[in-house]
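Asks: Chains as they are written, first to last, in our numbering: chain A, 1 to 274; chain B, 275 to 548; chain C, 549 to 845; chain D, 846 to 1142.
Hints were generated in silico from the structure; no laboratory data involved.
Glycine is no exception: its CB is placed at the ideal position from the N, C-alpha and C atoms.
Be aware that one or more of the hints could be misleading.
Stated by the list, open to error - Which stretches of chain C does chain D cover? Using the computed rule of at least three CB atoms under 8 Å from a CB of chain D, they are: (1) 635–642; (2) 673–680; (3) 708–719.
As the list claims (entries may be wrong) - Listed below are several chain C residues computed to face chain B (Cβ distance under 10 Å; list not exhaustive): (4) Ala609; (5) His734; (6) Val738; (7) Ser792.
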Amino acid sequence: MTDAHNNPNYAIGELMVSAIARQMGTHDHDWAAVGAYSQLPMASMKLARMLYAPNLWWLAGGGGAINSTSKLVQSTSDHRVMRGAEYMMNMEDIVDIEMWRFNRGRENVVGVVGGIQIDRRGSCNMVAVGDYENPTVRGVGTVGLAFGVSFTLVYFFTMHHNKQVFVEEVDFVSAAGHTERRAEHVPPACIGAQKVFTPLGVFDFAPDSDKTKTMRVVSLHPGVTLEEVRDKTGFDLIIPDHIGQTDEPSEQELTLIRDVIDPDGILKTLRISR
Amino acid sequence: MTDAHNNPNYAIGELMVSAIARQMGTHDHDWAAVGAYSQLPMASMKLARMLYAPNLWWLAGGGGAINSTSKLVQSTSDHRVMRGAEYMMNMEDIVDIEMWRFNRGRENVVGVVGGIQIDRRGSCNMVAVGDYENPTVRGVGTVGLAFGVSFTLVYFFTMHHNKQVFVEEVDFVSAAGHTERRAEHVPPACIGAQKVFTPLGVFDFAPDSDKTKTMRVVSLHPGVTLEEVRDKTGFDLIIPDHIGQTDEPSEQELTLIRDVIDPDGILKTLRISR
Amino acid sequence: MDPIFLNGKKRQSKLGTLEDAAAMIKDGTQLAFGGLHSHNGPMALIRQIIRQGTKDLHLIANVSAGMPADILIGAECVDTVTVCYIGMEHLGFAPRFRKAAEEKKIRIIDGDEIYYVLGLKAGAVGMPFVPYPPGHEARDNPIYEKTYKRTIDPYTGKEIIVSPAIRPDVAILHVPRADIYGNVVHLGSVVADDLLAKASTHTIVTCDEIVTNDSIRADPHRTTIPGHYIDMVVHVPYGAHPLSCHGIYNHDEDHIKSYVKADITTYLDEYVYGVKGHFEYLEKFGIEHLMGLREQV
Amino acid sequence: MDPIFLNGKKRQSKLGTLEDAAAMIKDGTQLAFGGLHSHNGPMALIRQIIRQGTKDLHLIANVSAGMPADILIGAECVDTVTVCYIGMEHLGFAPRFRKAAEEKKIRIIDGDEIYYVLGLKAGAVGMPFVPYPPGHEARDNPIYEKTYKRTIDPYTGKEIIVSPAIRPDVAILHVPRADIYGNVVHLGSVVADDLLAKASTHTIVTCDEIVTNDSIRADPHRTTIPGHYIDMVVHVPYGAHPLSCHGIYNHDEDHIKSYVKADITTYLDEYVYGVKGHFEYLEKFGIEHLMGLREQV
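Whenever a hint applies, use it, and build me the whole structure from the sequences.
Replies: Shown next as structure tokens:
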């Protein structure tokens, strides 16, 4: 078994891009949004449109470019991202989608976003670690994460997998996971957190009561053990009978990533850690 | 005394354009909106910018052109109006101004609009003559006249001056004049109906109580008598001690109107009647 | 410039026919249409909607509606109409709307530009209603029209007027240009076409010209509606006639005048029921006449 | 193409200097700024605001604010900040914001993109507040942040969340192009710059390039903000540096990295207080470096 983190054939970021792109293959004809600091999902969207979901519509964050075909740059709001885009959204356009697409019932609206703190229920915190009035870490703010109660599905990706990121319960709910509060208030057409892509594996959410769900292991990346995942996660994951191994990126995927999507090699510079 | 309606030197429409343009001279640096079916005020705006108010910003109706420099056409929403414009508003842009500019306190926001029925207090009706549920005439609808409670000032122009247009009290208040209801509800920064330009003369509104105003004669067009105005108005006008004669259009104004603003002679085809 | 599509997958065209589009509009549909006055109305599609015998529409007339609303009402397709303005601009009243209203054959919701535009904005963004600033109590729409309500502004404690969010079932637009994926380029006024696409569950565009996706990507700032809002694109040259298509041809003022004066049954027999499709309709006018409308002197 | 102005009257230019512009921002002003992340921030004007010693600002940070918010907080100009996001994107936390927040030296209003964008929309159009659809009860912003309120949706009878209209005293924007009358052309992202101009009592634009009014009139569809919203235009080449000006130059990532790591007092002494004006600031970087930022490979 190869260790994705030390594999001579591909970088861990390339494996994650492949995994997210294949997931996007289930969203042909859907609409997906990527936030800032999102080189991994940006590359995934480009790869998905080439191979798995040619009818996917996607937004590169606050910069507003729809269906960008530019090469990868650091920032989703860099003006180079607008090259070859089909439309430039302003913030009103973005919030129009952020707020109520769950009511339209035509296509799924999907977010692929990072999180500073993610808990067992898939709630996400961007505001404060510790007491809200006296935080030990003041976070950046809730940004666009309100879409957690309006988008059809939310996928998380993280650049690190440790107990600082994956906590029992977030201190501030920027995006609502599969909590009782969600069950009480959020329209069911808005399904919420669907999967989490980390440097160690892929996870989803399974019911642990009538109204709530807990994060569950789906597959581990090559070379990763279940023990390591448990050690680095701040809560008890649901462990299913069968745990797969995340598929490695194909030659075709790697060629497209390196030659077309990311010729400057930005993915290889990302500080992704276990 | 010449009769403007039979004056060999200019058409009555040209006189009205001149009068409205000179009025706009008091609105340099202000913002003015013109509705549909508005050839007279469109020509006036163009003339005003050349002669009296070079810093006036104006909107040609729902078509959205700001500061158009095209020649006069029939419709404010004709695409030919966008030639030489500085910006193209969509309806959201227009309603943004329509609804609350009275709160900004920077410049006056002015509407120059027609009316199917206008009453002594300057209320205007575009919806229904007679009982609302069983109208004798169903009008076109309130359109943008809600700005009567948000714009700083409203100027009316009419193509006819008769008792069908000028009534004691409108049957439906599309735009609120100087009524007790206005005094009770509308912020004072929104002053409301300011003047009325008709084929017979120019009128303003003078207080007739603590809270209300009534239409008052300012000037009569050349050849028009006070008796004729009274006969053709469905309520008692306030008659001041001094009534002026509306200034005739100057040679410079007529040259600009005929050679630059309206080379196709649309103003001369308007069916303006006393 | 669109990426290479591999694995045998292809991006799918949204092209359809006028018949396909009209079939999306069922009896009872809440139907909105774009443009304003004699400009940019989806007239060819409206004629097809009449031709297929659609009934009981709740028509959400555009901000200044003329012939599109009048002909649908005249053809007895309409049960309810949300009105800002229905008239013929400098050509006077819209005769079939006026008649149907005075004879109480249609139900009227008396809105205005705020009711319509901010209602659509609320519909687009998911706000449940539109709260009004003080002042609108002084006019009659919020008094007579029963879909306005009242609630409390919790920042002042005062009662305020509100109007409902508007979420049409289907919006139909005629635009100058679109690509086969639904990306739209207006050459003249956008009016509320962009907002209609956002607020409506389904949106159909008919267009005068189909352009390449490359031309869209060459200047994304000129795209006025992104294709993800568009369900179907129908290529219909002169699809707005006798209205204008901004940037391509002027409105046919003489024909609109003759429509206003015509007996509506005779008019529909000749121009709607009496022709099999859009090009047969255009043949009634001839190429010289239609090309003449492009003169923008 | 602008009409001939006769009678000796002339259309007045709105051009001013950075000093004129900064003087419009008094102590205690509710100040909003445009752009997002490391893009299109009015940095030269912000440096002048710091240089003039402005205090007690209520900063309404843009939808994803980085250095513009961080440096104003670091220079102790800010009393209160409305936050969607303040951070340095892939470069981590915004250190002076984080420190001031953790030490409780600033008051924070914890909004998000909806609170900010629809708050500005309400401010622009005069709606007294923003009504929310169901669902937002499940997250914490409307619980912890006390400027959210509740009211009744009269169409359902149910209690809903609302947030306030936002009406900044002054908005400051850096844009690629403007004419002397304030008409703005963005070459890249508009973000919420257009909305800020509508919602704010006063708006100042700094721009990299002054263009002729003729070029504005040649293509009015490309105008992104009409000049009637703009109080003053300041011509400031590289006025966004070290941020990007979309369509003209990239952000100066190395300098922004060094800003994040720097001692803030030393940084301000060198780049703000230690230079007399904007061109002296630019001289610190040199022409070769600045021209290099224009490379858009």
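Asks: Please flag the earlier hints that this structure goes against, numbers listed from lowest up.
Replies: Checked against the structure, the only hint that fails is number 1, while the rest are satisfied.
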